[in-house]
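Given the structure of chain A, go ahead and fit chain B onto it with the hints provided.
Protein chains in written order, with the working numbering: chain A, 76 to 407; chain B, 76 to 407.
I should point out that these hints are in silico values taken from the structure, not numbers from a laboratory. A hint or two may mislead.
All copies of an identical chain are treated as equivalent in the list; a pair is satisfied when it fits inside any one copy or across any two copies.
Stated by the list, open to error - With a cut-off of at most 27 Å between alpha-carbon atoms, the simulated DSSO-like pairs for lysine-lysine come out as follows:
no.	residue 1	residue 2
1	Lys104	Lys395
2	Lys332	Lys309
3	Lys165	Lys181
4	Lys186	Lys165
5	Lys165	Lys104
6	Lys310	Lys259
7	Lys186	Lys109
8	Lys368	Lys254
9	Lys332	Lys186
10	Lys109	Lys395
11	Lys403	Lys186
12	Lys165	Lys332
Number of protein chains: 2
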Amino acid sequence: MSDIRYDVIGIGNAIVDILGRCDDAFLAKHDAPKGNMRLVDAPTIDTLYNDMGPAVEISGGSAANTLVGVSSFGGKAAFIGKVAGDEFGKIFAHDIRAAGVEFNSKAVDGKDPTSRSLILVTPDGERTMNTYLGISTDIDNGEVDPDAIKAARIVYLEGYLFDRPDAKAAFGEAVEIAKTAGRKVALSLSDGFCVDRHRAEFLELIHYGVDILFANEEEITSLYETSDFEEAAKKITSATELAALTRGAKGSVVISKGERIEIPVEPVEELVDTTGAGDLYAAGFLYGVAAGKDFATAGRLGSIAAAEIISHMGARPQTKLVELAQQKGVSL
Amino acid sequence: MSDIRYDVIGIGNAIVDILGRCDDAFLAKHDAPKGNMRLVDAPTIDTLYNDMGPAVEISGGSAANTLVGVSSFGGKAAFIGKVAGDEFGKIFAHDIRAAGVEFNSKAVDGKDPTSRSLILVTPDGERTMNTYLGISTDIDNGEVDPDAIKAARIVYLEGYLFDRPDAKAAFGEAVEIAKTAGRKVALSLSDGFCVDRHRAEFLELIHYGVDILFANEEEITSLYETSDFEEAAKKITSATELAALTRGAKGSVVISKGERIEIPVEPVEELVDTTGAGDLYAAGFLYGVAAGKDFATAGRLGSIAAAEIISHMGARPQTKLVELAQQKGVSL
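Looking at chain A on its own, in the form it has when it is part of the complex (with noise of 0.2 Å):
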């Protein structure tokens, strides 16, 4: 595999997060379904900027949080997604291309601006999303480079992006060509009423074609429309090659043809905002299996950026990953 450049490349929802505070009466009187995303139109997501408090600016995205995660680990990363030439865009490349993620898509401009996504998060730490995808879904088969996808040890494919065909379609083309180039395919199932909206896509994805999934308990539960996760669990062993799933408090569960391992939680000092929780969790499994590591190793690492990305508000991390894991003995 001599021409592998990337340990992970990347396709998602090119956003920058909007970080506010509120409570859960906020949150019940503006309908937004607490710990979930839903996408909103510009003049709802101007409704609740106007009404919300101060807030920051944070690049963010589900996918690409995860690429900035594996290059904060030292791996190799690259993402695909779309940004108007508007201010937010501007923010965003600046970001993934400041965190040492190659971002080659070109801005689009006229048409849609920049994707936001405004998050509240409440005083318990969680977040709940409400997102304005504006050009970021804009993604065809022509923003897909094969070169680039043959590149890659992995292909990471963010759930959320099945909410626009166009997308869907440029996910179908990466599948197929890193597939026929032997590459992995990795998807996040990224959302509880994202699974809800997609479901049999979804699932014929997993069985054709995705070699690592990842998921939360809500996801994978959803998936299978069970409430019961065992069950949940049992069935993915069979749909594919290896899962990992994140249960929050409880850590996470590496199944991998019928064996299964557990993983605890890092321990945090104050969970300050859950906002990337999943998407680190990813960065770290992603950056453990793409170095050869063991899945429990992966497991810790992904548990370790999780950590870090909850001690604080926005979902990138603040400090270096690879540090962090070495300063907890994890040797990469």
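Below, chain B alone, put in the same frame as chain A:
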């Protein structure tokens, strides 16, 4: 004083901060004076931004930060400052209003963009600012609403605005209105280099019309062109009624008509970023004075607010300062 609507009204630069971390070598490479503020032009700020690491965007501006702090203590505050109609202008306007500060200045379109400050935070927590002023100094006399000035117990002026003649003229007008109406005038010297650029005019304004002066050690010694803090402190005693001089980790000194009160710093678990330390000290002190507290208590409120702001990135409080003060046994 039945027509009082505000505890403090402030005039200053309306700025969005772009905060990132760097090492001392990065500052040296870019000729950025550590711990100070320098003005940069558009190409310079672009070069710096391209070269710096990932950043977060948080509303800032020295006087604006102070007014948000006053509001967070439960005081009534208003801000006069200029933004453009661009995304950064919208962010600034949203954040200051969402923090409870009245902000009626209209956005100016088609001229310069909203002001940005690239703030580079070194591992020691020190901040170095690189400010592109843009539209923010476009304040002329027309901007200063006499009724609003008369309606405030204290008019607070940000020394940084001296960097443009029109803004300076607006200052003069605000001082006249305030003094005629029997209100207090407060001034922050803002920055050692800023004092150096405008020493004579600062001295004139202080002697003529300033009732409350804020300065740090570097600024007050620069004002009197001495390296001896005690000498500078002595000189300011005869020049103004009340001065609050901050000395970093050494705490602050409040000087009022010959009386000198030493205020210790409030302990901080971890010094993360000094951005806004002086601004928030001023917030606590001004709120205390406006609320009729003695100067020792006003100084303590300043220390409490400064300690909150240096414990995280950015110059806007993340905790309700009124609650923080109460937790620390100061009843407001």
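> How would you classify Lys104 and Lys395 at a CA-CA limit of 27 Å: within, between, both, or neither?
Replying inline: between (39 Å within a copy, 22 Å between copies)
> How do Lys186 and Lys165 come out at 27 Å by Cα distance, when the copy is not named: within, between, both, or neither?
Replying inline: both (16 Å within a copy, 20 Å between copies)
>> When Cα atoms must be at most 27 Å apart, do Lys165 and Lys181 count as within-copy, between-copy, both, or neither?
In response: Both: 11 Å inside a chain and 25 Å across chains, each within 27 Å.
>> Checking an output row: Lys310 and Lys259, CA cutoff 27 Å. Within, between, both or neither?
In response: within (21 Å within a copy, 72 Å between copies)
>> For Lys186 and Lys109, with the copy left unspecified, which applies at a CA distance of at most 27 Å: within, between, both, or neither?
In response: neither (31 Å within a copy, 42 Å between copies)
> What label fits Lys403 with Lys186 when the C-alpha limit is 27 Å: within, between, both, or neither?
Replying inline: neither (46 Å within a copy, 52 Å between copies)
> Is it within a copy, between copies, both, or neither that the alpha carbon of Lys332 lies no farther than 27 Å from that of Lys309?
Replying inline: Answer is within: at 11 Å inside a copy they meet the 27 Å cutoff, but 78 Å across does not.
> Checking Lys368 and Lys254: alpha-carbon separation at most 27 Å within a copy, between copies, both or neither?
Replying inline: Answer is within: at 22 Å inside a copy they meet the 27 Å cutoff, but 72 Å across does not.
> How would you classify Lys332 and Lys186 at a CA-CA limit of 27 Å: within, between, both, or neither?
Replying inline: neither (46 Å within a copy, 63 Å between copies)
> Should Lys109 paired with Lys395 be assigned to within, between, both, or neither, using CA atoms and 27 Å as the limit?
Replying inline: between (30 Å within a copy, 23 Å between copies)
> Can you tell me if Lys165 and Lys104 fall within 27 Å by alpha carbon in one copy, between copies, both or neither?
Replying inline: Between copies only: 24 Å across chains, 33 Å inside a chain, cut-off 27 Å.
>> I want to check one pair: Lys165 and Lys332. Are their C-alpha atoms no more than 27 Å apart within a copy, between two copies, both, or neither?
In response: neither (43 Å within a copy, 52 Å between copies)
In summary, the structure is inconsistent with hints 7, 9, 11, 12 from the numbered list given earlier, while agreeing with the others.
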